[in-house]
Amino acid sequence: MKIEYSPLEMMAIACSRRIQDDDIVFCGTGLPLLGAMTAKKTHAPNCVVFFETGALDPALFEIPLSVADSRVMHGASHDGGLADAFAFMQNRFSGPKVLGLLSGAQIDMYGNLNSTAIGDSSKPTTRLPGSGGACDVASLVGRTMVFMKHERRRFVEHLDYLTSPGWLQGGTSRQEASLIRGGPVAVVTTLGVMEFDGSTKRMYLSTHYDNMSVEEIARNTGFKLDVSRAKQESSPTPEELDVLRTEVDPLGLILN
Amino acid sequence: MKIEYSPLEMMAIACSRRIQDDDIVFCGTGLPLLGAMTAKKTHAPNCVVFFETGALDPALFEIPLSVADSRVMHGASHDGGLADAFAFMQNRFSGPKVLGLLSGAQIDMYGNLNSTAIGDSSKPTTRLPGSGGACDVASLVGRTMVFMKHERRRFVEHLDYLTSPGWLQGGTSRQEASLIRGGPVAVVTTLGVMEFDGSTKRMYLSTHYDNMSVEEIARNTGFKLDVSRAKQESSPTPEELDVLRTEVDPLGLILN
Amino acid sequence: MSSSKLMLASEAVKRFVNSGDCLSIGGFTINRNPMALIYEILRQQVKDLHVVMHSGSQALDLLIGAGRVSLLEIAYGANGRLASTCIRFRKAIEQGTLKVEDYTNYQLTLRFMAGAMGVPFLPTYSSLGTDIIERWGFSPDMRSSNPQLPGKKLAVTEDPFSDKASQVVLVPAVNPDVALIHAQKAAEDGTVRLEGLTFADIEQARASKHVIVSCEELVSPAELRKESWNNSIPHVLIDAVVHQPLGAHPTACYLHYDYDMAHLLKYKELADDDDQFETYLKEFVLDIDCHDDYLKLIGTKQLKSIKASPELGYARRDSNL
Amino acid sequence: MSSSKLMLASEAVKRFVNSGDCLSIGGFTINRNPMALIYEILRQQVKDLHVVMHSGSQALDLLIGAGRVSLLEIAYGANGRLASTCIRFRKAIEQGTLKVEDYTNYQLTLRFMAGAMGVPFLPTYSSLGTDIIERWGFSPDMRSSNPQLPGKKLAVTEDPFSDKASQVVLVPAVNPDVALIHAQKAAEDGTVRLEGLTFADIEQARASKHVIVSCEELVSPAELRKESWNNSIPHVLIDAVVHQPLGAHPTACYLHYDYDMAHLLKYKELADDDDQFETYLKEFVLDIDCHDDYLKLIGTKQLKSIKASPELGYARRDSNL
Numbered sequence: 006m007k008i009e010y011s012p013l014e015m016m017a018i019a020c021s022r023r024i025q026d027d028d029i030v031f032c033g034t035g036l037p038l039l040g041a042m043t044a045k046k047t048h049a050p051n052c053v054v055f056f057e058t059g060a061l062d063p064a065l066f067e068i069p070l071s072v073a074d075s076r077v078m079h080g081a082s083h084d085g086g087l088a089d090a091f092a093f094m095q096n097r098f099s100g101p102k103v104l105g106l107l108s109g110a111q112i113d114m115y116g117n118l119n120s121t122a123i124g125d126s127s128k129p130t131t132r133l134p135g136s137g138g139a140c141d142v143a144s145l146v147g148r149t150m151v152f153m154k155h156e157r158r159r160f161v162e163h164l165d166y167l168t169s170p171g172w173l174q175g176g177t178s179r180q181e182a183s184l185i186r187g188g189p190v191a192v193v194t195t196l197g198v199m200e201f202d203g204s205t206k207r208m209y210l211s212t213h214y215d216n217m218s219v220e221e222i223a224r225n226t227g228f229k230l231d232v233s234r235a236k237q238e239s240s241p242t243p244e245e246l247d248v249l250r251t252e253v254d255p256l257g258l259i260l261n
Numbered sequence: 006m007k008i009e010y011s012p013l014e015m016m017a018i019a020c021s022r023r024i025q026d027d028d029i030v031f032c033g034t035g036l037p038l039l040g041a042m043t044a045k046k047t048h049a050p051n052c053v054v055f056f057e058t059g060a061l062d063p064a065l066f067e068i069p070l071s072v073a074d075s076r077v078m079h080g081a082s083h084d085g086g087l088a089d090a091f092a093f094m095q096n097r098f099s100g101p102k103v104l105g106l107l108s109g110a111q112i113d114m115y116g117n118l119n120s121t122a123i124g125d126s127s128k129p130t131t132r133l134p135g136s137g138g139a140c141d142v143a144s145l146v147g148r149t150m151v152f153m154k155h156e157r158r159r160f161v162e163h164l165d166y167l168t169s170p171g172w173l174q175g176g177t178s179r180q181e182a183s184l185i186r187g188g189p190v191a192v193v194t195t196l197g198v199m200e201f202d203g204s205t206k207r208m209y210l211s212t213h214y215d216n217m218s219v220e221e222i223a224r225n226t227g228f229k230l231d232v233s234r235a236k237q238e239s240s241p242t243p244e245e246l247d248v249l250r251t252e253v254d255p256l257g258l259i260l261n
Numbered sequence: 023m024s025s026s027k028l029m030l031a032s033e034a035v036k037r038f039v040n041s042g043d044c045l046s047i048g049g050f051t052i053n054r055n056p057m058a059l060i061y062e063i064l065r066q067q068v069k070d071l072h073v074v075m076h077s078g079s080q081a082l083d084l085l086i087g088a089g090r091v092s093l094l095e096i097a098y099g100a101n102g103r104l105a106s107t108c109i110r111f112r113k114a115i116e117q118g119t120l121k122v123e124d125y126t127n128y129q130l131t132l133r134f135m136a137g138a139m140g141v142p143f144l145p146t147y148s149s150l151g152t153d154i155i156e157r158w159g160f161s162p163d164m165r166s167s168n169p170q171l172p173g174k175k176l177a178v179t180e181d182p183f184s185d186k187a188s189q190v191v192l193v194p195a196v197n198p199d200v201a202l203i204h205a206q207k208a209a210e211d212g213t214v215r216l217e218g219l220t221f222a223d224i225e226q227a228r229a230s231k232h233v234i235v236s237c238e239e240l241v242s243p244a245e246l247r248k249e250s251w252n253n254s255i256p257h258v259l260i261d262a263v264v265h266q267p268l269g270a271h272p273t274a275c276y277l278h279y280d281y282d283m284a285h286l287l288k289y290k291e292l293a294d295d296d297d298q299f300e301t302y303l304k305e306f307v308l309d310i311d312c313h314d315d316y317l318k319l320i321g322t323k324q325l326k327s328i329k330a331s332p333e334l335g336y337a338r339r340d341s342n343l
Numbered sequence: 023m024s025s026s027k028l029m030l031a032s033e034a035v036k037r038f039v040n041s042g043d044c045l046s047i048g049g050f051t052i053n054r055n056p057m058a059l060i061y062e063i064l065r066q067q068v069k070d071l072h073v074v075m076h077s078g079s080q081a082l083d084l085l086i087g088a089g090r091v092s093l094l095e096i097a098y099g100a101n102g103r104l105a106s107t108c109i110r111f112r113k114a115i116e117q118g119t120l121k122v123e124d125y126t127n128y129q130l131t132l133r134f135m136a137g138a139m140g141v142p143f144l145p146t147y148s149s150l151g152t153d154i155i156e157r158w159g160f161s162p163d164m165r166s167s168n169p170q171l172p173g174k175k176l177a178v179t180e181d182p183f184s185d186k187a188s189q190v191v192l193v194p195a196v197n198p199d200v201a202l203i204h205a206q207k208a209a210e211d212g213t214v215r216l217e218g219l220t221f222a223d224i225e226q227a228r229a230s231k232h233v234i235v236s237c238e239e240l241v242s243p244a245e246l247r248k249e250s251w252n253n254s255i256p257h258v259l260i261d262a263v264v265h266q267p268l269g270a271h272p273t274a275c276y277l278h279y280d281y282d283m284a285h286l287l288k289y290k291e292l293a294d295d296d297d298q299f300e301t302y303l304k305e306f307v308l309d310i311d312c313h314d315d316y317l318k319l320i321g322t323k324q325l326k327s328i329k330a331s332p333e334l335g336y337a338r339r340d341s342n343l
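As you go down the protein sequences, you meet chains A, B, C and D in turn. In this text, residue positions in the first sequence follow this note's numbering: the first is 6, and each later residue adds one. In this text, residue positions in the second sequence follow this note's numbering: the first is 6, and each later residue adds one. In this text, residue positions in the third sequence follow this note's numbering: the first is 23, and each later residue adds one. In this text, residue positions in the fourth sequence follow this note's numbering: the first is 23, and each later residue adds one.
Chain A on its own, in the form it takes in the complex:
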């Protein structure tokens, strides 16, 4: 018997599976938060969620719709401010323990992200919200995971603006730029999960869902994507789906 699920649900669950019990998870809102909350309610009960606004380990009885939502404040171990939150990510002891969950409008083959502008950034055709804390997180934490709609126009050869550093130009270029640690480990998309080659730091298809062939995924990517190592991502288990639907987002605020 096949269980029905949406690509958004699959993304949240693919993210959840990649969160470890000792992770400190930097969250934005939306899908990444669903992933973290699902992990916490399944295999990683000790992972700690925090927000750039300064809230660490809040109760999250309801899903916050912004990182400044009062729902991130209630029941936390500490409610501070931005200075605390970003220092925590840059700190040499706590920073490496942080997994940052990010998203962007454009991504390149080295996992660099654009969330600033489409077109010429001095007079863009589309202005996007800007870095917010994304560049900081991408620069400072132990590892990052990126959420993307998998579309050819979003997976590009050249970003219109490099807002958040991934592996920069690949290889050892990230260290050479004096970035102290970190880099993207996975890109969770509507079609599958990409990872990065250990030495070239180029993106490759690691797992794909059952909604599209690997060849089609490659065709939906604006740069050459190595699909030779791809395995199939297991479908959501009934438990994963149940937790996500009934405990994490019972009102369907994000999933619907």
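I should point out that these hints are in silico values taken from the structure, not numbers from a laboratory. Wrong hints could be hidden among the right ones.
What the hints assert, rightly or not - Below, simulated EDC-like cross-link-like pairs (lysine to aspartate or glutamate); rule was C-alpha separation at most 16 Å, straight line:
1) C:Lys121 to A:Asp125
2) C:Lys113 to C:Asp294
3) D:Lys174 to C:Asp185
4) D:Lys288 to D:Glu300
5) C:Lys186 to A:Glu181
6) C:Lys174 to D:Asp181
7) C:Lys174 to D:Glu180
8) B:Lys128 to D:Glu116
9) A:Lys102 to D:Asp261
10) B:Lys102 to C:Asp261
11) C:Lys174 to D:Asp185
12) D:Lys174 to C:Glu180
13) D:Lys121 to B:Asp125
14) A:Lys128 to C:Glu123
15) D:Lys186 to B:Glu181
16) C:Lys248 to D:Glu333
17) D:Lys248 to C:Glu333
All of these numbers come straight from a predicted model, not from anything done at the bench.
Fit chains B, C and D to the known structure of chain A by using the hints.
Leaving out everything else, chains B, C and D in the frame of chain A:
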């Protein structure tokens, strides 16, 4: 009828008179604090007292014996920490409003202070407590007033260690060192009050008490002291003495 | 002992906010925007503003939409699920009517911290290798003619304490003319207590020449001084205290009320059209005398629906279940 | 959800403090010294310590007197009216048995802040033109062989944002192996609440690899999380929580007890003589099993006399009038 008073009382009152109603007064403990509290209870009710430990405008029902005494915490507008207190002094808007009250073991003709060591600082004959916040205050605030026992061995040609900057080598040397403002405006001693020449920034005797002649004061000073501009400091008024003795230090913790 | 700083929003804005000022707005996206003060700025026709803030939404979008902002230094202009990019902000940049320079949230926090600490810069590793460093929004000419703009957007320098080649980004200080903060509690002497997240409000206040605080509750100085260590900003740094309940509406104020989703959704729809935006601005801001009249327009029923649960600090979504 | 970090002082010191460690001690002169933890370090024969702190007194003086400190980076060693310079501190430096490097209180605060922020340095104008910059306590050889010492004491550099020549002092970060903090309240999950002044405790804790917190009151995590914005340090940064009432004696703990003037005056007298200091150390620390036994030695009467007034947070001097 002559009112009896001690040199310590005269010092506290000479300090008090030089505090203005709109000053924010950085205090250590001991005599300077008595001066500030007397000012607040007489002609400068709006002056605000604060401590390097982070307490701003506390109630001070009892005299604190240290800047970390719990008596500096009670009833404050804000109890923060050292980071707040020193940033407040360095800040371009609040820093200039601050009058810092300091003391030292040695002082030179430009009002530089030593509170680190007597003798060779790498193996001193007498180790002193060290800068604490004194160097920070002397570097950062709008103006400082220094408290000293007036002794030849303390008023020296050359400091054994320059802990806290006064006018450095005089003239414009303080600005040339990139210090952003400030400098000592008065040295309140057991014998009188010294000020600094507007252009050379050398110390001169501004007022003397009635316990010693200006020639004797010059002989008690280890460098050549200009006494030609000296006037007599008025004796404490009955009101000043009464406030100091009965309201500020009724238990005689500092004065006795 | 010190005299009262309590005044109406209209008086505070008149005394401390001028056209051409560099303004910093407290709060973060949908929380604790100092809306009553912003509405008053709009009503008093203050213009040509230079705004420096980290993550803006409603307060910023209205100022931009009304054409009051000439220069903007910012990290983020969006409103969570309500606007993936703030609407008037996006339009103004796309149409080239607003000059903007991009930083990150941490960098803007550091810029306020540096201003508060009285130092020319603070260091970070954030943004090495990115266009945040490479692309500047303001020309050298603009920079040299405006003392409120740093001579350089950012400076990359060698770490003098490292024995290997290691670079670090220096972020320049900013000292705005005025910071606008909305707090849960304040006293007439200026003592301020924020509850819940402080965002970068404390750094913004400490960096600025003048600070106007609006508050939900006006408390006596003695009351706030009982737990002085829980106060956020000492009284000497505050110029004006405005007692304005619901002063952050339609954004949230933790422990008091939630964001007004219905109102923000209506705004989202209207703001997308130039004429409708003008109508909104007239109806909810310009044609209104004061914030209490604005609240009457919003209506008791709507305001009741966003009232925070005392236990949670926000309004339960299933509260009508 | 997370497991308890509650343990005895003896276990916390055994697990997290080693000979040779770089140690940072919280509190300030006569307030909130983590004495119970320091006594335990003395009993467990931990030695060769590198201590970095701003303004030390009783905790520091005992460690130095017992010969446990090899390196010291400090701004101030005195005890208010009780010791114009800390006695064993002064003797050790005058006799050349303790290597010391002098900073200012703000510079040490910035060193902790830089460590906490994960940056190599922070800037200040403090100490320009002084011997604080010119005279170094540690030789280049010592610096290059000890990774916990910065390569330079301080670095003076040009401000890249200024259009005229302007210098600024860069203060190097420090990341101690362990910070010891005494708090009013903590929970077994590690959440910490300080009341009254925080001194530099928060920065010291955030800069350090491990943090041991002793507390007057052990509170449930749920209780502390009710007002999460009044907490001082989040639980994830804390390694061990030690419930030890009167854990700062003979220094003060605001809202709980005052400094023990009688005990400190006795210490002042004894510490001035090498043999009598040894006797004090044996009697009050080394021959004692645990802090509760130490408190018995101090005696109920004495402890009662320093109990804080609930209104004032300290013991009124005229309380027996």
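Which numbered hints are broken by the structure, listed smallest first? Of the numbered hints given earlier, the structure breaks none, since each of them holds.
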